[in-house]
Amino acid sequence: MPSRWLGDGLSDCGNGNACTPIGNVTPVSTETAARIPLVSYLRLEPTPHLVANECTSCGARYFDRRNACASCFATEFRSVDLPTEGELVSFTIVTYAAPGVPVPFVAGVVKCGATSVRGNIVKIAADPEHVKLGMRVRLTTTSLGTDDNGAEGIGFGFEPV
Amino acid sequence: MAADDVYILGIKMTKFGKHPDKDIVDLAAEAAMAALADGGVTMADMQILAAGNLMGRGAIGQAIQKQIGQTGIPVYNVSNACATGATALRTVIMSIKAGESDMGLAVGVEKLAGAGLLGAGGVTKKDKNEWTPEGRYGAIAPIDGRIGTDAMPGTFAQVGMEYGHKYGGASFELFARISEKNHGHSTLNPLAAYTKAMSLDQIMSDVMIAYPNTRSMCSANCDGAAAAVLVSGEKLKTLSDEQRRRAVKVRASILTSDPWQEACQVLPDVNTLTKLAAARAYEQAGVGPEDLDLVELHDCFATAELVHYDNLGLCDEGGAVDFFESGAPFRTGKLPVNVSGGLQSKGHPIAATGIANVWEVCHHLRNEAGDRQIEGARIGLAHVIGLASACGIHILESSGAH
Numbered sequence: 001m002p003s004r005w006l007g008d009g010l011s012d013c014g015n016g017n018a019c020t021p022i023g024n025v026t027p028v029s030t031e032t033a034a035r036i037p038l039v040s041y042l043r044l045e046p047t048p049h050l051v052a053n054e055c056t057s058c059g060a061r062y063f064d065r066r067n068a069c070a071s072c073f074a075t076e077f078r079s080v081d082l083p084t085e086g087e088l089v090s091f092t093i094v095t096y097a098a099p100g101v102p103v104p105f106v107a108g109v110v111k112c113g114a115t116s117v118r119g120n121i122v123k124i125a126a127d128p129e130h131v132k133l134g135m136r137v138r139l140t141t142t143s144l145g146t147d148d149n150g151a152e153g154i155g156f157g158f159e160p161v
Numbered sequence: 162m163a164a165d166d167v168y169i170l171g172i173k174m175t176k177f178g179k180h181p182d183k184d185i186v187d188l189a190a191e192a193a194m195a196a197l198a199d200g201g202v203t204m205a206d207m208q209i210l211a212a213g214n215l216m217g218r219g220a221i222g223q224a225i226q227k228q229i230g231q232t233g234i235p236v237y238n239v240s241n242a243c244a245t246g247a248t249a250l251r252t253v254i255m256s257i258k259a260g261e262s263d264m265g266l267a268v269g270v271e272k273l274a275g276a277g278l279l280g281a282g283g284v285t286k287k288d289k290n291e292w293t294p295e296g297r298y299g300a301i302a303p304i305d306g307r308i309g310t311d312a313m314p315g316t317f318a319q320v321g322m323e324y325g326h327k328y329g330g331a332s333f334e335l336f337a338r339i340s341e342k343n344h345g346h347s348t349l350n351p352l353a354a355y356t357k358a359m360s361l362d363q364i365m366s367d368v369m370i371a372y373p374n375t376r377s378m379c380s381a382n383c384d385g386a387a388a389a390v391l392v393s394g395e396k397l398k399t400l401s402d403e404q405r406r407r408a409v410k411v412r413a414s415i416l417t418s419d420p421w422q423e424a425c426q427v428l429p430d431v432n433t434l435t436k437l438a439a440a441r442a443y444e445q446a447g448v449g450p451e452d453l454d455l456v457e458l459h460d461c462f463a464t465a466e467l468v469h470y471d472n473l474g475l476c477d478e479g480g481a482v483d484f485f486e487s488g489a490p491f492r493t494g495k496l497p498v499n500v501s502g503g504l505q506s507k508g509h510p511i512a513a514t515g516i517a518n519v520w521e522v523c524h525h526l527r528n529e530a531g532d533r534q535i536e537g538a539r540i541g542l543a544h545v546i547g548l549a550s551a552c553g554i555h556i557l558e559s560s561g562a563h
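Protein chains in written order, with this note's numbering: chain A, 1 to 161; chain B, 162 to 563.
Do not rely on the hints blindly, as some may be mistaken.
Which residues of chain A face chain B? A few of them, derived with a C-beta cut under 10 Å, are [said to hold, decoys possible]:
id: 1; residue: 46
id: 2; residue: 48
id: 3; residue: 57
id: 4; residue: 61
id: 5; residue: 63
id: 6; residue: 67
id: 7; residue: 77
id: 8; residue: 80
id: 9; residue: 83
id: 10; residue: 84
id: 11; residue: 101
id: 12; residue: 105
id: 13; residue: 106
id: 14; residue: 124
id: 15; residue: 125
What the hints contain is simulated information worked out from the structure, not anything from laboratory work. Note that beta-carbon positions come from the ideal geometry of N, C-alpha and C, so glycine has one too.
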């Protein structure tokens, strides 16, 4: 039985006994199912945007956790919201990928303000006549489908402005 | 006694390609035995062994010893992405420079034939269909294909496209012409995996892998090994005239990793660490790019070769397209690049590459390259880079074989 289904109704298991549900346990219904972002640096509320961990000392930004800043070695970080619009500074059109990866797709690097962001370029024909270096793009979300609990996975990409 | 000078005494590469009847130990042993014979020495003379193999078993060095000679010497098994071979070479050089040994063996070997797409994540199968955040990014699904590409062809395609965006002039056709050059060069290299010339049309209409890299613009996954015997300058003085004449001086041996750069957190930055390595190598060697007679650089994809013209200082900043258009990097040009055929046709058995490119340069500096000899070659440079990231550069000088 998946822990998500059990919600907070578990004992803390601190006594070494098997976990057993306590109190009232209600299955998550599809009506209240969560929207779950593809990655933790994608935030869906209030409107979809990306967040980075910014070094409070030098301003270097990271999408994952760091013990110390790779640029200046300081150890304090704060969460910052990134601009949702930027310039496409590089791209490739992938037509041959690992099994299970749908092709073609456009992979690119988008400069959002001073921060480089990796992402797919979506809602555009995947050919070099349409995808152009230097084009303006903005963040958008895509559905990854729902899981067995009815929760919807939400991915992101960049679409032409 | 610490050594001021280090020389390559013997060096060999196996034929690159498919070796279904040989395992990595067989291939490594073949290269090692050949390098020892080329140097006129045996395992009894070796005081250190450094061995590299990225994709296979561990402890390849000890397996090689069991195959060709166990003498109790220290073994260093190294792994440094596509710079693994260069790192093995440099490990032996450092040992000699430190005075711990006066002769040593470096080996790199890989079996990659049929390996397919490298770096790609693909799909992980689960028993239950449930979005569960995992890993450093709290990802609920594999990000390869959903947030850009993890596979090498697309990664290096973006490296070339980024250069084009910055400086202009880099078209699909230009990248394909770089590939055409290297496939043309490969026709003179019997040890290359592929030795067929390809027309521009053949290259551009080949299967597209990741625009603008078609299949023939990608390095060839194949099997192969390369090995080198290194010796201190002092020890070399005690060896024969023939050994001294054929020895190739290591003028510079440099290894770098990524210094922090903003964009390298999301797309590997193959430029900054290569520029850093080149600057250090030219300083250590006391030569500049204008002194080079040939260059073997890491053309893992056609899009990569372009940026390394610039990174290695073979042209002015931003001038890589003009450098190519001038004809300079052709074997008939001012500064031939990848006369071996490069990784696109010679092949890229990862850990072997960083010694095989040194072998190619040595072959010319010893005036032994036959049909593809660059006449009068005295100084050459060999460059490799692996993600994410390690860059190795060796600058080599003839001892006077001409």
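We went through each hint and held it up to the structure:
1. 46: Where the cut-off is 10 Å and the nearest Cβ of chain B is about 20 Å from residue 46/A, the hint is violated.
2. 48: Residue 48/A check fails; min Cβ-Cβ to chain B is 14 Å, beyond 10 Å.
3. 57: violated (13 Å)
4. 61: holds (8 Å)
5. 63: Since chain B brings a Cβ to about 7 Å from residue 63/A, closer than 10 Å, the hint holds.
6. 67: Nearest chain B Cβ about 12 Å off; hint violated.
7. 77: violated (13 Å)
8. 80: Violated, about 14 Å.
9. 83: At about 15 Å, which exceeds the 10 Å cut-off, the nearest Cβ of chain B leaves the hint on residue 83/A violated.
10. 84: At about 15 Å, which exceeds the 10 Å cut-off, the nearest Cβ of chain B leaves the hint on residue 84/A violated.
11. 101: holds (4 Å)
12. 105: With a closest approach of 6 Å, the residue 105/A hint holds.
13. 106: With Cβ-Cβ at 9 Å, under 10 Å, it holds.
14. 124: violated (14 Å)
15. 125: violated (13 Å)
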